[in-house]
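Given two chains presented individually in distinct reference frames, assemble the corresponding complex, making use of the accompanying hints.
Protein chains in written order, with the working numbering: chain A, 1 to 248; chain B, 1 to 152.
As a list, the in silico DSBU-like pairs of lysine-lysine whose alpha-carbon atoms are at most 30 Å apart:
1) Lys29/B <-> Lys82/A
2) Lys90/B <-> Lys82/A
3) Lys62/B <-> Lys100/B
4) Lys143/B <-> Lys62/B
5) Lys29/B <-> Lys140/A
6) Lys132/A <-> Lys89/B
7) Lys172/A <-> Lys29/B
8) Lys119/B <-> Lys199/A
9) Lys90/B <-> Lys47/A
10) Lys53/A <-> Lys28/A
11) Lys103/A <-> Lys169/A
12) Lys150/B <-> Lys89/B
13) Lys119/B <-> Lys195/A
14) Lys29/B <-> Lys147/A
15) Lys29/A <-> Lys218/A
16) Lys62/B <-> Lys85/B
17) Lys103/A <-> Lys134/B
18) Lys91/A <-> Lys134/B
19) Lys169/A <-> Lys29/B
20) Lys91/A <-> Lys29/B
21) Lys82/A <-> Lys147/A
22) Lys90/B <-> Lys132/A
23) Lys3/B <-> Lys143/B
24) Lys138/A <-> Lys134/B
25) Lys29/B <-> Lys103/A
26) Lys132/A <-> Lys91/A
27) Lys100/B <-> Lys150/B
28) Lys136/B <-> Lys103/A
29) Lys29/B <-> Lys138/A
30) Lys90/B <-> Lys71/A
Where chain B lies over chain A, by a calculated footprint (3+ residues, C-beta under 8 Å):
31) 118 to 132
32) 169 to 182
33) 230 to 242
Sample of chain B residues with no beta-carbon within 12 Å of chain A, all distances over it, derived:
34) Gly61
35) Asp79
36) Ile141
Calculated from the structure, these hints are not laboratory results.
Every residue gets a Cβ at the ideal spot worked out from N, C-alpha and C, and that includes glycine.
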Amino acid sequence: MTYTMTVSPDFSPDYIAGWYIFNTWLQKKTGDGIHLELYDSFDLQRKDIIDDKIDIIFANPYEAAMLIREKGFLAIAAPADKPDEAVICVKDDSDIQSVEDLKENCTIAMADDPQVNSVGMIMLEPADLSVKNITIEKQKNYVLVAKNLINESADAGFFLLDAYDDMSKFVKSQIRPIITSQISVIRHIFLVGPKLSNKAEDIRGLLNDMHNEDKGLKILQSLGFESWENQTQEDSEFMLDLIDTLSG
Amino acid sequence: MTKVQINYHDGSQSEKTLTDEEIPFPEGKLIVSRTDIDGIITHCNQAFVEMSGFEMGELTGKPHHILRHPDMPSAAFKDLWDTVKNQGKKWRGYVKNLRKDGSFYWVYAVVVPNVRDGKTVGFASIRRKPSRTKIKELTEIYKDMLAEEKKA
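Extracted from the complex, chain B is given alone in its bound form (with noise of 0.2 Å):
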């Protein structure tokens, strides 16, 4: 187990304890959240909720970037931010998510803006099972994305 300390592109910070178990991703589901336009979770499902680790209650009204694993480069969640709220447009990528005892999954993940009356209303972000090879490449490219955030 190791303790760190997160840091949030908002300014806040948390402390967590990590574990180096990873959670299968469940065979078939989807795990679907949506937040409003700040990134605050408004509606999760089911499948979200037993992969987080989080209870329900515990999630809504809550900032999406709760499930941020340390091992996650800033930039990819910035180029997430900037795809989706500053373009309008969708974004795709592979995701380390951080569980609440500690331990992780990882995901494909789509999130789409959630258009009404042609105006950004929040995002909705599918996340689903993710190809070993794929979470492999990503591993290391994300391990030098770190180290060259480290160093900045």
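One chain only, chain A, in its complex shape (with noise of 0.2 Å):
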């Protein structure tokens, strides 16, 4: 049997490759035939998720809840020490030094990533912004976002906390972080569907010890981690719950 394996689109192009490797090791290690199906939106993936074509995903945490409550996957395991933190960035040389400073009707652009655009509005609270009184500019990818605060069509950005980390020298001289958030629970995880939940704890293994082979390590290195971490079901319920607390 073959199954399906999906990754979150919002993660960085320069781990297109890593996670075909990783395929093909747990391929190998599985000794099930995986085909891996990349997307490029949020809005293509969920509509496959919702029809069944999906069986393994490394899911972004907003979408964890329709996989873990309404789907019935199961969760295994989430890159150790990597939570999803985001980061509100503002010109370099704009005068607002903090969120305090970001006035009603200012303009905010943040790409299609639920979860860092649920988190840099939670951010915008104390000065008083909502979606009802700022003007949202959507971008398809962080560099375009930043590109927005470069040549002042936005007042202040989103990013995903990697992805700034990510960006050249050039463009992160030219912006500037005003907050950072510091959750620590919230993180991508890599889940199984109810198809695979017989081989739930194989897989569960085979990913905590992946670091321990050199080969294993070199993977996970190209997917821009370390190792993974045990994530139990009650991790995640409690990371949906807190999800759940932020969200309306």
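Here's what the structure looks like:
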């Protein structure tokens, strides 16, 4: 039987090759055929999840709610010490020093990342800002968000902290972070669907041991982290409760 | 400094010394805690420990009302418990919390029931930095509510 694996569309393009190599590694270790399907938008990926076309996923925390609570996916692992944090930046020479300096009707640039945007909006609350009194500039990726700041077509922009860290020195020299979230428990998680429930514990063991073999460690590094950490169903349920408090 | 006696909804009381010092909410952080079904703290994060002024060991196993500031009207907490425990819904509100040393901090709190296999097993409270405009509004509202409660 061949299964379908996918990865949250918000991963950095630098890691595309890494995910293909990871897929090959997982096929060898499990002995199962696994097809890697990558999407460039959350909407397209969500449609295939709803249609039960996905069996294995490295999911954005925001998508995990549907996967676990509606689709019966099981949490397996999460990258160790790599929480999803958001950062709000402004143009380097902007007068804005803190969130409270942002005023009603300001323009906020953001990419298509529901989790980052949710945390970003929460960090704007102390300035009495919400979707009702700001203008949102939606962009396809974080480079375009940075461009909005640099050409002054947005007052501030939301970034995934990892995406901000990965930006070139040239771009980073022109933008300035004003606040970074420190939530710690919200992170991408690796999940398997109901068709793989009988293999879930084997896959958990494989991922938890992956960094102990040289080849495994190199693959992990090509994905941007050093090891997987066990993610229990309760860890995930609590993360989803927490996400629930951040929405609406 | 002012000494006050706080009466909790479970009938217990404690005497606290209050100060006028407000501790600012830590930028970018969330204060997270979980309680069992009776409101006894089971888990809390480092931001909770730092902001409350208590040690971790002084918090777990204690009722969540250990943080209750006497400027908060009882009706606010009654509404919280009615919403999350009796109706099983999410509660949101602005809360003035008391620190161990008698100073205080304001939060915007969201409390949700932790539902596992269809059963509520506890509650999670997530607090974030509040808007100063809202704090100003709520300070007056809570003052009026407290005055009404004292009259009754």
